[in-house]
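Student: Chains as they are written, first to last, in the numbering used here: chain C, 1 to 327; chain S, 1001 to 1420.
Hint data in this document are derived by calculation from the structure and do not stem from the laboratory.
Every beta carbon over 12 Å from chain C, so not counted as near; a handful from chain S, in silico:
| no. | residue |
| --- | --- |
| 1 | 1057 |
| 2 | 1065 |
| 3 | 1074 |
| 4 | 1098 |
| 5 | 1310 |
| 6 | 1313 |
| 7 | 1318 |
| 8 | 1365 |
| 9 | 1395 |
| 10 | 1401 |
Calculated pairs, DSS-like style, for lysine-lysine (alpha carbon to alpha carbon, straight line, at most 27 Å):
| no. | chain 1 | residue 1 | chain 2 | residue 2 |
| --- | --- | --- | --- | --- |
| 11 | S | 1228 | S | 1164 |
| 12 | S | 1282 | S | 1191 |
| 13 | S | 1282 | S | 1164 |
| 14 | C | 278 | S | 1396 |
| 15 | S | 1191 | S | 1164 |
| 16 | C | 278 | S | 1392 |
Ideal Cβ positions, reconstructed from N, Cα and C, are used throughout, including at glycine.
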Amino acid sequence: MSNLVELSIAKAINAGLRKSMQDSDRVLVFGEDVARLGGVFRVTEGLLDEFGDQRIFNSPIAESGIIGTAIGLAMRGFRPVAEIQFDGFIYPAFDQIVSQLAKLTNRSAGHLQMPVVIRVPYGGGIGAVEHHSESPEAYFAHTAGLRVISPSNPNDAYWMIQQAINSNDPVLFFEPKRRYWQKGQVNLDGAAMPMHQAVTLRQGTDLTMVAYGPMVVTALEAAEIAQSEGISIEVIDIRSLSPIDFGHIVESVKKTGRMIVTHEAGTFVSISSEIAAKISELCFYFLEAPVIRVGGFDVPYPAAKLEELYLPDADRLMEAVDRVMAY
Amino acid sequence: MAETSQIPRPLRIVLTRKRFMVRFCQHSSKLVVVTSQSAEIPMVQLLNHEGEFAPTKEHQVYEDIIRGLRQEDFLKFYRDMARIRRFDNEATALQRQGQLGLWVPAIGQEAAQIGSGHAVGPNDHIFPSYREHGVAITHGVDLIQMIKMFRGVNHGGWNPHETKFHLYAIVLGTHTLHATGYAMGLRFDGKVGTGIPDNDLAVITYFGDGATAEGDISEAFLFAANHKTPQVFFCQNNQWAISSPVESQLPVPIYRRGEGFGIPGIRVDGNDVLACYAVTKKLMDDARAGLGPALIEAFTYRIGAHTTSDDPSKYRDSEEVEYWKRRDPLTRFETFLRKQGIGQDFFDEVEEAGNKLATEVREATFAMPEPELDAMFDYVYSDPHPVIEEQKAWLKGYEESLGGHTSSDQGDTPNYGGTR
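One chain only, chain C, in its complex shape (with noise of 0.2 Å):
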C-alpha cells in the first residue's frame, strides 16, 4: 500500500500534526505564536481553523511556563505538544524539562506518565543572529527521562512526529531547520519504521558515516563524492538521539572496519563522543582506524558571516575520510 505525496520536512510535520490532532482530541498544540501565524516557520499552519483556540493556541513568551503547564496538562491526560521556537530559547525551560518533565513518572513510581512532546527547530545555516542556530541536543540525551529524536527527511518527520505523540513519555523533537523546505516523497499508508532505530541510507563497503538531522544530507553529499574517488561509504542515520539504536550501527562497522560520526553540535562531549565510545568497546577488534568525529567548533555558535566555517560541510567530512582511510 502506498499514497505517496512530495512534501517539505516543514509541510509533512504538520500534516504529521494534523493526523495526530485528527485520531485523538487529547493532543494540544501550543507555543509561542503557533496559532493565528502558524509559527515562525509556518509549521503549524492551518491547524487553528481546523481544530479551533481550545487545541492550538498561543502561548506567553514564557518558556517554563510553556513546558510547565504542558506537564500539568499530561496530569491531565492530555498530549500536550509545545512548541520552542528556536533552539537557543529553551534554556529558560531547561528546570522543568530535565528537573520535573524528565523525572515525574520516577518520582511518582510509575503512577503519572509524561506524554508531553516539545517540539525544537534547531541548528544553523540560516544566517540568523544569536540564538537562533544552535544544536542543543547532547543536553536532552544526557538526560534520564526523555527521549530525543529528528527526522532527516519528510517521510521520517511526518511519521515521527505522530510516533512522537503516541510515546508515553516525553520526547524532544528535533527539527532540522535549515532543511525545513526540503522535499521528498512521504507514504501516507505505509508502515513506520520504530521511532528509534536507525536506518542505512546508502550501502557502502570502505567506511560508516554516522549522521543525523541536518547533516544526513550533507553526509550523503560526502558519500557521493568519495564514491567518485573510489571509496564506499555507508551512510547511516541514526533518527534517535537517546537511545541511540547501537545495534544497527555495530553491524556497519563490523563490515567496514571505520567511522566517521557527524553532527552540527561542537564535539566535546556531544552524541558523537557517546558513538565512539560505545562503538569502540563494542567494535574493537573489527576497528581499522580510530572513530573520527566531525562537527561544530567548540565556540559559541558564530555571527552569520562565519557560520559556513563553523558547519561541517562535505569538504570537511572528505578531509575526515582521507584521514580515516590513511590507516
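Please build the complex by placing chain S on the supplied structure of chain C, with the hints as guidance.
Tutor: Leaving out everything else, chain S in the frame of chain C:
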C-alpha cells in the same frame, strides 16, 4: 489590624529590618510606612488572639461560612492540627536518631495547612511544595509516604491520581506551573462554571514566601490569568526563606503579587484555622464557579527550623520565636474550643491519639523495607527503554557475582562474596 501598638520588641525588630524595601504610600489620607511585613496590612482574622470568634463586619461572608460548620468540623480541625504537630515532632526525633536523612517541620503552620486543606473539595487537585504534611492528612494521604521519602526509600511514589495530592516539589515554584496546566485542562474539559453538582473542580497550589522569588510563580500567575483557570495560589508566608527574612526579598506584600497579572489577592491570619478555612473555601468555590484564579497569603511563622539541617539561632532572635510561640495556632484554637464548652476529655483523647500515631509512625519506620537494589531502574520511562534494561541486567549480574544479594536490605556491611 490595630495591633501595632501592642507589638512586642521582637516583632519591632522585624519591622525595622526594612533594609531594602521600604515603600511609602498614601493610605487613608495619611502617610504610612508599608513593608511586606507590616502589621498595618489588613488581614482576615475570625478568631482573635484570645481565642474568641470575633469577625469584623466586612468579613461577613467568611463568618457565614464558619457559622455553617458543625461542632464536629471544629473538632476535626483541632484533631488534625494536633495530629500533624505530634507527627512533626516524631519525624524530627526520627531524624535526630538517624532514621531519616532529613525532616522538614511545619510547626507553626498547622492552622494555615489544616484550615485550607479542609476547604479543598474531595476531587479538587492539590499541588504542594514540600512542607505540606498538614494538607496531606486532610486528604487522607498516608503519612508513612512522607517518612519513606525523607528516609531515602524513594522520591515520593504516592499516586496523585488517587490522592489528588500531588508529589512534593523540591525545586521551588516549579509545581505552580503544573497546577496551572492542570487547571487549564479542567477548563478545556468543561469542568468549570457549569453549576452542575460534582462536575466543577478547582486546583490549589501551595508555596512559601521564599518561592515567590522564583520566575515560575510569575509565569504561573500569567498563564493562570490568561486562561482564567479555576485555581487558588496559597502562599504560606512563614517569614523566613531559610535565613533570609521575607522583607529583604519582597518589595510589596505577597498578597499583592498577583495584581499586575489581574489576580486578586487577600491576606489571611495564617495562625487562625477558621479564617484559613473560610477564605480558602470561598475562593475555591469562586474558582470552581469560573471566576478565575486568586491568591491567598497566609501570614504565619515558621516556629521550627527550615529543615533538620538548619540552625535558625544563627540568623534570628529567640525573642522573635518566643513571640510567635505565644501565638501558637493550636493554643488559640484550643482556647476557642474550651470556650465553646469542649471538655478536657476531648483534649486527652486527642493527646492519646497523637501518642498512638507517633508509636505507629516509629514502628512503621523501623519496619520499613529497604528498596530493592535495582529499584532505581524502575519507572525511569513508562515505555521499555534499552539502556535501562541493559544497565539493570548488568547490575543484577554484578551483584550476583558478589554473592547474590539483590536487595539493599542487608545492613550496612557490604557482602564481598563470603558466607553470610
